[in-house]
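Peer 1: Protein chains in written order, with the UniProt record's numbering: chain A, 1 to 341; chain B, 1 to 222.
Calculated from the structure, these hints are not laboratory results.
Keep in mind that the hints are not guaranteed to be accurate.
[Said to hold, decoys possible] Think about it this way: if two alpha-carbon atoms lie no more than 30 Å apart in a straight line, the pair counts; the simulated DSS-like pairs of lysine-lysine are:
1) A:Lys216 x A:Lys71
2) A:Lys76 x B:Lys141
3) A:Lys83 x A:Lys122
4) A:Lys71 x B:Lys141
5) B:Lys13 x A:Lys122
6) B:Lys85 x A:Lys56
7) B:Lys13 x A:Lys56
8) B:Lys55 x A:Lys56
9) A:Lys122 x B:Lys55
10) A:Lys10 x B:Lys122
11) B:Lys218 x A:Lys71
12) B:Lys13 x B:Lys134
13) B:Lys134 x A:Lys10
14) B:Lys13 x B:Lys141
15) A:Lys332 x A:Lys268
16) A:Lys216 x A:Lys14
17) B:Lys141 x B:Lys122
18) B:Lys13 x B:Lys85
19) A:Lys76 x B:Lys221
20) B:Lys221 x A:Lys14
21) B:Lys85 x A:Lys122
22) A:Lys71 x B:Lys134
23) A:Lys83 x B:Lys141
24) A:Lys216 x B:Lys122
25) B:Lys218 x A:Lys83
26) A:Lys5 x B:Lys55
27) B:Lys218 x A:Lys56
28) B:Lys13 x A:Lys83
29) A:Lys189 x A:Lys216
This one's a predicted model, so the numbers in the text were calculated from it and none came from an experiment.
Chain by chain, the residues run as shown.
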Amino acid sequence: MISLKNISKKFSTKQGTIVAVEEVNLDIKKGEIFGIIGYSGAGKSTLIRLLNGLEKPTSGEIIVNNEDITKINEVKLRQVRQKVSMIFQHFNLLWSRTVEENIAFPLEIAGIPPAQRSQRVKELIDLVGLEGRGHYYPSQLSGGQKQRVGIARALANRPEVLLCDEATSALDPETTDSILDLLVSINAKLGLTIVLITHEMQVIQKICGRVAVMEKGHVVEEGNVLDVFQNPQQTITKRFVSQVSDSNKALQTIQQLKELYPNGKLIKLVFVGEQAVQPILSRLIKQFDLEVNIVQGNISHTQTGAFGTLILQLEGEALLIDDAIRYIHEQKVNTEVINND
Amino acid sequence: MINNLFPNVDWPKMWEATVETLYMTAVSTILTAIIGLVLGLLLFLTSPHQAWANKLANWLTGAFVNIFRSIPFIILIILLIPLTKFLVGTMRGPNAAFPALVIGAAPFYARMVLIALREIDKGVLEAAKSMGAKTSTIIWKVLMPESMPALVSGITVTAISLVGYTAMAGIIGAGGLGTLAFLDGFQRGRTDVTLVATVLILIMVFIIQWIGDVITTKIDKR
Numbered sequence: 001m002i003s004l005k006n007i008s009k010k011f012s013t014k015q016g017t018i019v020a021v022e023e024v025n026l027d028i029k030k031g032e033i034f035g036i037i038g039y040s041g042a043g044k045s046t047l048i049r050l051l052n053g054l055e056k057p058t059s060g061e062i063i064v065n066n067e068d069i070t071k072i073n074e075v076k077l078r079q080v081r082q083k084v085s086m087i088f089q090h091f092n093l094l095w096s097r098t099v100e101e102n103i104a105f106p107l108e109i110a111g112i113p114p115a116q117r118s119q120r121v122k123e124l125i126d127l128v129g130l131e132g133r134g135h136y137y138p139s140q141l142s143g144g145q146k147q148r149v150g151i152a153r154a155l156a157n158r159p160e161v162l163l164c165d166e167a168t169s170a171l172d173p174e175t176t177d178s179i180l181d182l183l184v185s186i187n188a189k190l191g192l193t194i195v196l197i198t199h200e201m202q203v204i205q206k207i208c209g210r211v212a213v214m215e216k217g218h219v220v221e222e223g224n225v226l227d228v229f230q231n232p233q234q235t236i237t238k239r240f241v242s243q244v245s246d247s248n249k250a251l252q253t254i255q256q257l258k259e260l261y262p263n264g265k266l267i268k269l270v271f272v273g274e275q276a277v278q279p280i281l282s283r284l285i286k287q288f289d290l291e292v293n294i295v296q297g298n299i300s301h302t303q304t305g306a307f308g309t310l311i312l313q314l315e316g317e318a319l320l321i322d323d324a325i326r327y328i329h330e331q332k333v334n335t336e337v338i339n340n341d
Numbered sequence: 001m002i003n004n005l006f007p008n009v010d011w012p013k014m015w016e017a018t019v020e021t022l023y024m025t026a027v028s029t030i031l032t033a034i035i036g037l038v039l040g041l042l043l044f045l046t047s048p049h050q051a052w053a054n055k056l057a058n059w060l061t062g063a064f065v066n067i068f069r070s071i072p073f074i075i076l077i078i079l080l081i082p083l084t085k086f087l088v089g090t091m092r093g094p095n096a097a098f099p100a101l102v103i104g105a106a107p108f109y110a111r112m113v114l115i116a117l118r119e120i121d122k123g124v125l126e127a128a129k130s131m132g133a134k135t136s137t138i139i140w141k142v143l144m145p146e147s148m149p150a151l152v153s154g155i156t157v158t159a160i161s162l163v164g165y166t167a168m169a170g171i172i173g174a175g176g177l178g179t180l181a182f183l184d185g186f187q188r189g190r191t192d193v194t195l196v197a198t199v200l201i202l203i204m205v206f207i208i209q210w211i212g213d214v215i216t217t218k219i220d221k222r
């Protein structure tokens with residue numbers, strides 16, 4: 001659907017050349033929800049704007065729907081943009097237009113006659129759950145409702161790709177969830193490809209199938225969300241994963257745990273997907289003559305499966321404990337011994 | 001009663017002068033709005049990162065606007081006498097005032113248009129572009145409506161300045177309340193004529209301001 005080949009984007013400023021995106025290669029498949037995560041300044045905003053030609057790359061190819069959009073003229077690019085639409089962090093609605101008129105705007109641009117326009121606007125208002133709000137002005141809506149208008153507007157011309165530029169970053173957690181649910185449902189209903197950028201791992205965890213991690217203009221890690229959660233390679237990725245798995249909080253208490261449980265060993269298990277539902281714990285207790293204490297645990301759900309961590313205290317003979325850890329390893333559960341005493 | 005208070009006021013003449021002032025203000029405001037909008041849009045669209053970004057065009061438009069905005073109006077009138085004679089064919093009557101009024105006021109309004117356009121959220125322009133809008137669509141459906149309250153309050157201020165300019169245009173024999181107050185009132189020492197003309201101009205200014213405020217409030221949905 002979308003493929004980036006050796007994409008670089010440099011900006012020349014008075015202070016010198018800034019490299020926003022460097023040698024990025026990405027393939028985004030039709031119908032998937034692809035997330036790009038990075039801190040501000042990582043180049044993700046520039047990257048997403050390359051996908052609809054709002055920014056032109058310094059070098060490289062951008063193939064959208066079998067067409068290299070870096071090589072086409074303005075007229076064709078405008079047609080492409082009707083099929084690759086975008087929603088924004090700050091919604092970017094026209095304050096001078098009502099909800100209906102805002103949603104009708106892209107239809108006016110596409111030259112749809114008024115009768116069909118109002119029919120389509122009605123459908124879209126129903127789709128995003130804004131019934132009865134058609135005549136409101138944006139200033140009369142909440143943030144979540146504004147983003148729903150933004151989504152309806154973006155879907156007006158039946159696009160094939162939806163680009164989300166930090167679409168939930170200005171919303172509170174509850175509204176974020178409802179907007180993410182809406183995105184998942186339109187992805188399923190309309191088979192739309194969604195590319196989103198964010199700095200929040202929760203967003204990736206909740207709705208993305210695949211993720212790319214960006215740092216200083218480079219894509220430093222890429223893969224299925226579940227794999228990345230299970231086995232983050234880069235320091236920055238580990239930091240993002242810990243946003244969700246809360247291991248930061250856990251680490252703070254590990255000192256206390258060591259004091260609270262001076263005997264035996266503390267081990268951390270990381271479960272992913274299938275294993276998260278296997279009864280590893282009960283088998284462990286049955287097979288080994290050990291005291292097993294659950295010290296801490298949590299589980300997070302992603303689009304492709306569950307992801308969880310569990311901290312256990314194992315008490316008993318040292319040899320038995322080693323055997324038990326080996327057993328857990330054999331179950332392909334990622335294990336980490338926290339204290340070695 | 002009223003004739004005792006203002007013994008020298010020739011009311012039909014005063015009314016005629018009022019109508020002339022209104023006519024000059026109205027026509028010159030409309031022309032100023034059109035030319036000022038075009039100039040302001042040019043200034044905006046030729047500035048860096050905009051649709052028609054062009055340093056030379058931006059510099060030329062900016063220079064034109066700045067030069068004509070800086071010339072004192074009374075001098076501009078005199079400088080424009082040849083142009084006026086060429087365009088209108090005469091130096092007498094309200095129509096003769098238009099070239100000076102419009103060339104004096106349009107650059108002033110163009111600056112206000114530029115400020116109004118710069119106030120528009122960049123994100124909204126980006127959104128319109130991302131939907132595949134042409135520059136003409138962006139001008140008519142984004143730039144103009146999104147800056148309309150500022151454009152209206154700008155033209156209100158400009159119209160009020162134009163009322164003042166019409167009075168000065170009396171020098172070239174344009175007619176209206178300014179001429180009446182100056183020739184019949186001041187030069188003949190008839191203070192009551194000057195007073196009535198002033199009051200009428202004040203009322204006109206208040207009404208223009210009021211209309212501007214009402215429209216601005218009505219269209220501003222932010």
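Peer 1: Identify every previously stated hint that the structure contradicts and give their numbers, smallest first.
Peer 2: When the structure is compared with the hints, numbers 5, 6, 7, 9, 11, 12, 14, 19, 20, 21, 25, 26, 27, 28 and 29 turn out to be violated.
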